[in-house]
Every structure is written in structure tokens, then in C-alpha cells.
Amino acid sequence: MAAREEDTPIQHRQKDRAAVLPMVLIVVVSATTGVILGLLIDWFPTPASTQADPIDTLWDVLIIASVPIFVGVQAFVLYCVWRFRMRPGQELQDGPPIHGNTTLEVVWTVIPAVLILGLCAYSFFILEDIEEAKANEMRINVTGQQFTWTFEYPKSVTGGKPIRSAQLYVPEDRPVHFYVKSQDVLHDFWVPAWRMKIDAVPGIETKVRMTPNRLGRYSIVCAELCGIGHAYMRQTANVVSQEDFDEWLRSKQQRGGTAGGGAAGGEEIDGKTIFTEGNGESTACGACHALADAGTNATTGPNLDKVLPGMTPEQIREAIVDPNKEIEEGFGEGIMPDNFEQLLTPEELDALVKYLDEVRK
Amino acid sequence: MSLRSAGYPRAGLFGLLGLAFSYALVSSIRALYGWDPVVDGEAVARVAMLAVPLFMLVGFGLFDYWFYWAAGKPTRPEDHSGHGAFSWRDYFRPNTDHKVIGIQYTVTSFVFLFIGGLLAMLMRAELAQPGRQFVDADTYNGLFSVHASILIFLFIIPVFAGLANFVLPLMIGAPDMAFPRLNALSYWLLPLAGTMMLLSFFAPGGSFATGWTAYAPLSETSPIGQEFFTIGVQFAGASSIATALNFLVTIITMRAPGMSFFRMPLLVWANFSTSLLVVIATPFIAASQFFILLDRALGFRYFDAALGGDVLMYQHVFWFYSHPAVYIMMLPGFGIISEIIAVKARKPIFGYRMMAFSLLAIVVLGFTVWAHHMFVSGMQSWIRIPMMITTAVIAVPTGIKIFSWCATLWRGVLRLDTPMLFALGFLTMFTLGGISGVMFAMIPIDIHTSDTYFVVAHIHYVLFGGSVFTILAGVYYWFPKMTGRMYDESLGKLHFWLTFVFFNLSFGPMHLIGVKGMPRRVYDYSEAFAGWNLMITISSLCLGLSFLVFAYNIVASWRGGPRAAANPWRALTLEWQVSSPPPVFNFDHIPTVVGGPYEYGTPGAVHGVFKGGARVEQPAGAAVEPSSRE
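Taken in sequence, the protein lines are chains G and Y. Numbered per the numbering used here, the first sequence spans residues 1 to 361. Numbered per the numbering used here, the second sequence spans residues 1 to 630.
Since the hints were derived computationally from the structure, they do not count as laboratory data.
What follows is a list of derived Cβ distance ranges for each label pair: (1) L16(Y) - E326(G): 38 to 46 Å; (2) G84(Y) - E329(G): 54 to 62 Å; (3) L92(G) - L360(Y): 33 to 41 Å; (4) D350(G) - A528(Y): 32 to 40 Å; (5) G216(G) - F201(Y): 39 to 47 Å; (6) A528(Y) - E329(G): 28 to 36 Å; (7) A125(Y) - T312(G): 37 to 45 Å; (8) M23(G) - A565(Y): 29 to 37 Å.
The C-beta atom is built at its ideal place from N, Cα and C for all residues, glycine as well.
Next comes chain Y alone, as it looks inside the complex:
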């Protein structure tokens, strides 16, 4: 172990250097200005929150290559020695192999899922009855704020990036992502961002407690814990942007010969669309949080109404990211579902091109609806009308997708195994979330229901019934490919049914109590809602416990499940044409793509052919005779 070579000891050392740097910088500036006290704990903490993670990443070796290059020293050309993981320890080191990074991403995100879920169970325990049960109001506000922030920024967004990291290069016939070092850096930003958000619980004055929306001016007057969110989001956002750029370049430049855009699997289309959203929108949340940081740290008064600041501007900038973020959290799931439904129904995706175009339509429309979060915010009232129309119209491309998946089921041969159950669970539950979304678009309904439990119900039907179900479907579907082992099918089905039932019992009644008048983000509530809340609490605790089945199944199967075949689902997409887990460099021979990805039902159809492989058969799908379009 040397402190001079990259690794944990050097990262620790650099972290301490970062802390010393923060002390020195802040104290010397304060001394020069003659401010008292010279050592200001909060000011140092602020700078340290930005500096220490960056110093640690440098110490960890993630910038070594670029530093050598910038200094004019001989760089170490990529010899791929960092590829592959041969023991569990390899997952705890920087690695440039997209498959290793994919697993790092996915596992880390699931750790944050369990933490975020535990926070939710604490919240529900507090809400079991009116009045105070376990925690005080400030802690409660912290619980729901950290719950939402962790699950949005450290689970849903990165877990999709993780799954796609693993399967997307395989799916397009590429040996890796376009920028492997950037890929590694994107991943290692995440644990830092998540740790920072969780550490806020130990900050003086408690964790950030202003919701994941961090509306000004409340977020400017709250204790220092707020800044763990303000700055943590910057790291999560940087990770997101870097990954999205990586996906865009990979998809545009690294497709195998013959892989035209309209032969790409829909998962690739979905991640292409998502990445467009991420690179355009994410800088806006970075800006919104920098405004807060500048106000808090340097007194810039962006949002201080008394000095001419504009409180509504925060909401506009925040939602200009955070509404597209809803699609960032959903479109990759649409991709996963398209893969699973085609394979498990043994039929081509119905209306492939419309599925791809509807993704792009959602990308474009997604940028025109942000102010529907602000119908009661006091902004100019005329802007509500166009926002209502664009919001409602997004239901059209989304509806096209739902109906096309339904039509794909028609006359298929449905394999009702765990991935398919979760996919069908998504199809039904997401429809409800989409419909309550259309209801919210209608301004008179929104005026009554905004900031109520109806919102809580809606967002959980979209993000849990929608996104989380697609994530679970994807994890079960690609588990054999990622680990080389089969999961336990009965435990998987048990997990599905427990989750599906308790999900509905937890979040279904929230629609009703919301419309009845229970506001969200409240630590205490009227006696009238006591019965429903007790039932919701019991159901949500069971919902949390149902994930133990999942955890046991995954851990036990990964350690000792039966070996998985290369293609247990008889799928046509390229990732299934290589061994499970795939070879270190993905393909011994880069495949040539000769047809569409979903030519199920056509005898002898293939998607790609491998040089020297035995699978050179009649190309299909490229020219399907008109009679088969019924």
C-alpha cells in the first residue's frame, strides 16, 4: 500500500488535503478582509463540501490519465488491464469496463433504494396515528426530504444508467462505452453525492428539511444541513450529464455494422432520448442550486424579495429541469419494457417506429410543460392555459406506447415469469399514474389537489408503479446476463405479488385522502384521516418487507444460483448472443446486424450475424412482406 499510487489510502490523504485547503482558503480570505471570526465553521464546511469530494476523486486516481496528459508526461495507453472483475474486490476499485461499471452503478443504487425505503418506513411509522409517535416535526421534514432526494437522484436516475451501462454497448455491438474513463468518473461521483445527502442528518440543526424541491426562500433560511442537498445534487447532476454524453456518443458512433437507427432495440432508443433530456435539462437544476448556494454563502439575494429578489424564478428554473426529470426517470423504463414484452410475448413490438417517434415526441413536449407544477404559485395566470394543453397532450405519445404494448401481447405466447409479471404490473399501474397526471393537467382540479396526498399517490404510481417496476423487471431479466447465474423463479414471483398488492394498498388510498383534503408533507394530520393512515402505514411496512424477498433472492442466487445459459430467454438482441456473463471484451467478432431486433414468429430470423458463427441464416425483418402487417 503506497500513498503515492492511486487507491483508498491516497484518496483519504487527499480528502484531508482538501479539508486543509478549505480551512486555509476560507481563513486567509476572511483574514484579508478583516472579518471576525477568522475561522468560520459554516464557511469552511461549505467549501469543504465542494473541495473534499473532488480532492478524494483525484486521490482515488480518476483524473490520473488526464493529469499526465495535461502535464505533458507520457500517458499510460489503455491496455485494458482494468477490464473485467475477477473477485468482489474488483468492484470497489475504479474500473473502465462498462460491465463492471454497470454492476457498480446498479448495486450502489439498490443500496440507496434500501436506505431510502427505510426512511419512508420511518415516515409512515410516524404517520401511523395523529400526533407525535417517534420523531419530532423537524426530523420528519428531514425524513421525507432525504427520502425523495435519495430515491430520485441516487436510485431511479442512476440505476437506469447502470442497467443501460451494462447492456447498451452489448446491444449495439460495441466493445465498450465511448469514454471509459469518463464512465468510471461518472460512477464514483455517485457514492460521494449520496453519502453527502445522508450525512446531512448529522449536521447541526438537522438534515435538509425543505423537500426535494428545496423551494426558496425556506431553503435559504434553514440550517446548514440544506447545503448537503444543494451541493450533493451538483455531484449527482455532474454524474448524470457525463453519463448522458457518454451514451449519446456511444449510440451515435459505436453501432455495429448494419445497426441503423431503425434496427436499434427500443432500449437504445429510450436511452438516446433520455440522454438528450439529461444534457439539456440537468444544467438547470445545477443552476437553481447554485443560486441557493450563492444566496446562502455570499449573500447574492437572488430570492430575497425584500431586496428585489424573485421567489418565483427559483420554481421556474427548478421545474425546467425537474419536469423533464420525470421523463428521465421513465423513458429508460419504457425501453426495458419494450425488450421484455417482445421477448416474453414472442412477438415483434407492435408499431416499432411509432414507439421510437413517441419517445422523441415526449422529449420535445417534455420541455414545454414545466409550469404545470406552478398553477397555484401566483405566476401570471394566462401561462397556465398553454401549459395545461401541452401537459395533457403528452398523454397522446404515452398512450401510443401503452396501447402498442397491449397490442404486442395480443395473440402472443405469454411467458408469465418474473420479468414479465413486473412488466405487466408496470403496464397496468403506470396507466393509473398517467391518468391522474392528465387530471392534474386540468387547472381547476389542480387548484384543489396540488400539494395534497393526491400528488403523493400520483408520483408513487408513476415512479414506483412505473419506474421501479420497470427497474425490477429489468434486473430480473438481465440478472442471468450480468451475473451468469439464474435467480429463483418462485421467490421472484412471490416478490412480485407481495410488492404489487402492498404497493396498491399503500398508495391507492392516498388518492382518496388527498382529494378529501389531506395536505402532503405534514407531520400531523386531522383525526378524520386516522383510519386510512393507519392502513397505509401497515401496508407500506409490508411493502418494505417484501423487498427482503428480493434481496435474499438476488444475494443467494448470485452466490450459488444455477449457471445461466447464454440465452435463457431465446431473445434475438445481441447481448444474448454472447456468453453469460459476457466475455471481457464483449465480442470475439463484432457482429453484423442484418435485421430488426424483434423478429419473433418469423422462422429462422436473426438480428445479427457473427463472423465464423453458425448463425448465418436468412436475413429477416428488413423486408417483411406486406401481408404480415395485419
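So here's chain G without its partners, still in its complex pose:
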């Protein structure tokens, strides 16, 4: 077993130096390139809350701190592969018997430790920032159930009776404190554009603060596996101006707020609108069901163009209010929420059944 070369220690050191400089150059150049590329990538969804900016900034800091280590290791390994690969004739050669270097080992223990503790400290301050209680907070109670969210606006918000809705409406720039509960299994209330999430846990109330600051419609996603309909447990968060929010609250209160309170006035209810948009509280049928007349083509639930023919109005009504009684072949039990009787007024339900009965023919 021959050593690679019969060098004296001094010759080793000179050769070392010759290889070190290009290695350092290559590692530094590629690490810098890596950081620039990492920062150029558009990672996050559109930021829409005051929590988003600090989190996105922390992300950039982490990219700057960590990408050099990742890219540096890649570059180092590739450089070694190129520079020190076994060439023909070296089959029986070994490298120099270097067992370690105390200085180097101390350096690569202490520097990462300091870096990591610094990042932890910075994260701690960001965390304090994004979870800070603010003045003028609005409380909204969120309840998760398989497979839908219900939002309740308590008296402190409405000034009158509490309001329940399957759609989330919040005014722009108003801090919101969500009180989250679950009726059955674990869920997780997440609005990616707002960056924050919290589990809905049976038996306890969890809380999370978000301050939406950009008008628009954003997905509410259930992020904790909650069963067969987990992927479809999605609703919309509407960020509106304070005036629109007040207007929405007023119209909800006039409608009677909670379930079955009776319709407001003699206004004609359009079953097709209920189907495609919901009533502002309920999820829209068309979000999950395809129906040519309404122009929807979702595949979560049965295609209504196929299953409606042959059904009586009574059967249609039953399929809406008690969806698990009879399940269409190929679809699972418990995916469709069974709360439509609570979320739709009797008049709306009648209109919906009437509409579906008409398109059936």
C-alpha cells in the first residue's frame, strides 16, 4: 500500500495552497450566484396581510444565510471530484494521512452555532411582531367540521345578534383575532396569502391573529388531514373596504343572520344564483358539481347532468339536506357538508330545488 506521493510535509503544504485558492474562489462565486438566484425566485403567494412582510423578509434572510452553505458544499464536492479524481496510473495510490485540524473543526462548529443562534433570535423578534395583540381587534369565531368552515361574527362585531356565514368577509386593515374550534377531527385554518395558520382542535380553542391589508378574494385552505374530503375543504376569504363590510353585515342581519330566520322582503330568489354563488353563507353547489345549464364543470361531486334525470323534487331536496343518506356510486360518504338546511333559508332551498327540477327536464 503506497502513499500517494513520497512528499515531505513542506511539499504537502505548498500543494495545499495551490489547490485552496481556486477552491475558495469557486465556492465564493457559486455561493453568491446561488444566493442571487434564490432571492430572484418568486416564492410566496401575493402578500395580503401585515404578517406577510416580516415572514417574507425572514425567508430572504434565511436564503442569504443558508444557500451559501448548500451551494458551497456542492461546489466544494464538484471541485474535489474534478481536482482529486483518480487518474489512470493512480489505482494503488492513497491520499495523505491527514487526521484532522483542530482550528478548522473549531471554526466549523462555532461559526454555524453563532449563525444559527442569531437566526433564532431574529425569528423570535419576528414572531413577537406577527403575533402581537393590536388595538381595535375584531374577533371572529371559526368552526371547522368535515368538510367546511363556518365563521361566526359575535355581538361585539355586529352590535346585534351574532351572524354565521360560510364565507369569510373582513374589512381591509382591521386586525382580526380568530378563535378556532373544531366539531369533529383536527383541521387547520390557513390563508396562504396571509401566511398564518392554526389547527382547529377538538376540545380546545386555538387563536391566531391576522391583519388583512389588501383587497381581494383569497383561498382558505384546510391544511391538516381531516378525512376523505380534506382536499375540498376550501372556502374564500373576501377582504373588502370598511363600507362594503358594514353593508354586508347589514344585509346579513336583515336576512335574519342565523339559520332559518326567514327571507327578507318579497324579493324573488333565483335558484340558479344560489347554485353558482351560494347565498353568501353557504358554499356554492357549482363549486363541486357539474351542471351544464349553470355552466359549472367541477368533478368533486356527482355530475348533476347525469344524476338529476329521474329524480323527483322530493328526492332532490333530500339529496341536498341529507346528502349521506344515499351515495352515488364512486363517491365517498361524508364529503358533502350536511349543513345546507341550516345555511339556506327555506325559501332559498325551495328556489334551488325548483331550479334543479326545471333543468332536469
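Once you have looked at the hints, place chain Y on chain G.
Same frame as chain G, but now just chain Y:
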């Protein structure tokens, strides 16, 4: 074939007896209480899932020795007649030879790798486009749950135990493991556990579909398929604990003369550390699943919030095992990489003692971080801060290992053959998995990214880019020793490049779509992610196909590859100083260890000397002159 002597017929008979026992026990209890119906299929199935495998193991003869001993009958002293495998049939019988068990373990685990991989390809096929493609939502949830459970409990954890079973006793100069019969029992628990998990697909209501985490209360309200996981894990866990005890006793008591702890190869150190983790942590997952079983079967209400149960407790107990389990799935791989990089770079491992100490540091720190899986779970918020710090600090010992491997490459003479390519692939890909781990430790980032595809990307960079690459490196590296044949080098390299490229194309983009807002464990997803998902699906199917190259290479080389020399890599560790495959009793003469395991570059250095052997040369490594520490 006699039904009275141990073997398959008796195992089958005892299995039927177990079933009859379950029927009798359940029905008589129900009859005594006057419950209706007296024969309850689910209750019988539950008891049968526990009883039938145990009865079968007894029928198979794995408890015979202990039963004879307990009954006061003359035991049959170990005459080593069960050692060695002389035809492929010998691998299908209980055997107490650690080399046979090592191969049984490894091959069985790889069978489960292919099954688990196929499940992943089915999942990706479903996710190729938004909407329903091939399976329904319930089946999809079952696919990812069984995929994860099989690959964690039946591939990564046992395959490391398998490789170490084969090489570890050889490496420390021992004739076998400390408890050969326990070793055989550990192995035979595995096929039963894996079969049980796979059989769940045929259970009424479908397979278990609550993820490998089986969070309560979802796992308490789901159909009976869940219990195939609840109980299957008990068998896999028992196997794990028994093997770990075996490794600990073997390493502590059976080292060859001169093999001090600091002359042990790092693979031995790694398995020592892993075994400590296993014996301390694994009882916790057993407990978590027994809680579920007691809730489901006997109505104990551990996790029923309405009756005062505590849902978060499940997560704490589960992760108190399952976070250390991440290191159980990684530390043995660290050991494999240390062996391969030293041999293939022809240099001593840089900073050997720090490599050993960093393993122990990971063992200790690994028990202090579990709640970082629960930053958004609703637990008390202050506990997140210490967990963030300990989690991030684990990157320090891990970083020491990465940098030391890098430094070992420096000025070596790198043999870029298949084991080395996989080792370097591990070094680069695992670094990325480690870095995304540090990002997760930072609570504000975790709040946004937990339960997203960023988690899926992270875990696959750690477990695939990390663990699986080390496993493949180890399989290629020890293939000549285990089989006595050489694998095909070009096919090995082809396998590496296909796997490496498609691995990155499959899991790299998941980082991005996760941060963008795609949650994990979803059967359907927003149109916005359709492009990336299609690309991921195509890449992952290619990734799956790349393993056909591996399978062909291994099978063809095992059957007809060129004969391997005793020491084709010119390695110094003891397993290479015996023939390939090793003699039935490992060493004709127990070696005496005279130096460190990695004295490459020192002319004439040896690790161990054999009585009567020709390799008595100047001891080296024990006293390396200070000038060589540059």
C-alpha cells in the same frame, strides 16, 4: 413434512389455531356479558391481528428453544447447524446466522421499497392533473398513508438493521450477534408487520387513510383498516427494539481484542447511537398506538375531547418517538457514508473523534425537539421557543459531519465508482434537506410552511436524498462481500445518474409549490399548480423506472456476476480481511485490533492482525505523529 416439527405447515396450523382462539375468546367474553351479537366480526379481527401473527411465529419454531427451556425439558444447545445458507431455500427458513439474517432483512426491505414506490407512482398518477384521474379520495388517502408507513417502518428502518446485521459483527471481529435467536425473531416479525399493513387495502372501508402520523381523533373514527396500522406498527416496533438491544450488547461485549471504542469504525458508532435512540424512543410509538387501540376497541376515551380526552397528548407521545425516528433513519446512513468516503478517497476520516461525538450529540439533542412538529397545533405557545433553538442547534453536529466528509475528500485519490457516486449524491442532497430543516425550525416560517408540499420536499430530501442514497451506496459497497459477486459498474453508474436527476426533478419543485400554498395530503389541488404537478408526476414515474436498472443489476450480478475478491476496495476494516462471502463462522482466528480503522495513506498500516496470517506489519494509527495533523 410433519405438522409437529417447526416450519411452514406448522405455522399455518398455528395461524388457524390463533384465529380459533380469537373467535373463542371474543365470543365467550361477549356471551358472558350478554352482549349482542355474540360474534362481532370487528372485535374478532382485532384480537386476531394480535394473536394470529404470534401463533404463527410459535408455529414457525422461533420460540421452540425458549419453550423447551421454560418447560424444563432438555434444550437443544446451539450446534450452529442453522448457520450459513447453501441454497436460496435456506433464506426462507429461520436461521440464526447474522449474515443470513442480514440478507433476509435487506432483501425483504427492498421488496417493500418496490411496493412502497409503486404506491407512490399511483399517487403521482392521480395527481398528474387536477380533478379525479384514477382513484377516489379515500383510496388516495390510503395510498399515501400506506406508502409512508411501509417505507418508514418496513424499508428504511429495517434495511439499515439488515446491512448492519451483516457487516457489524464482522467489523468488530465477532463470530455472530450476541443473541442469535432473538435476531431471527426480530427478522420474522417484519414480513408479518408489512403484510398486515398491505392487507389493510382489503379491509372493509379501505386501508388506513390518516397518514403515517395517524392523528387522533381522525384515526379513532375511521374504518377498521386503521387498526392494520395500529397493530402492524407494534410488530415492526418490537422487531426494532429487539434488534437494537442485540446491537448494543454485541457492540459493548463482543468486540475483538484491541477494538477500543475509539478504534471502532464509524458505522459501528452510528449503529451504537441509533440503537440507543431505538430502545429509548420506540416504546413511545407503541404507547401512542396502544392508546388508539384501547380507545377504539375498549372505549377508553384517551382522545375523546367531549369526555375529557386530550387530543394534543397523542401528538406529543407520537412525536416523542417519531422525531428521534428521523435520526434512527439517518444515523446508520452517516456510518455507511463514513466507511465509503474514507475508502474511496483513500484518506483517514477527518476528525474521527468529532464524528463519533457528533453522533452522540445528535442522540441527546434528538430527544429535545419533538414539539417542532406542533408549532401550529395549538399547544402552549411558549414551548415553541426552546424547541426552535434545540432544533436549529442540531444543525451544528450535523454540519460538523458534512464538513468533515468534505475535508476527507480534500487531496484524496477519489475513486468515482457507484458507491462513491451515491455517497457524494448523499452529501450534496442531504445538505439541502438539512437546510430546509433549519428553515422549518424558524417558527414564523414554519407557521406558513407546515403541512405544505415544502414538508414533502424536505422529508424526501432527507429520507430519499439522505437515507435512501446511503442505503444504495451501502448495498453497492458491500454487495461483493454479501454475495461473493461483483455488480456491473456501468449499470450502477447509470442507476445513479437516472436516480439523481429524476430525484431532483421530482422533489425540487415541491419546495416551490409548497411555499406558494399547496397543502400536502390532498387528492385534488388548485389549477394554479397543474403545470408543476404534471412535471413532478412525469419525473417521479421516471424515478421509479430508474430502480429497474438497479433491480436488474442486482439480480443478474447475484446470479452470474464475476466472482468478487476478498477485498476489492483495498479497505482496512475487518469485514474485508475475510473471504467474500465470509466463512460460515466469520473468522478462523479472532483478529487482534492494533490501530484505527481508516489509516489510509500510511504505508503498511493495518487495522487488525490475524494469528498466523501474513499481515503482521507495523502497527499504525494508534500513534500518529503530530506532524501529520496538518
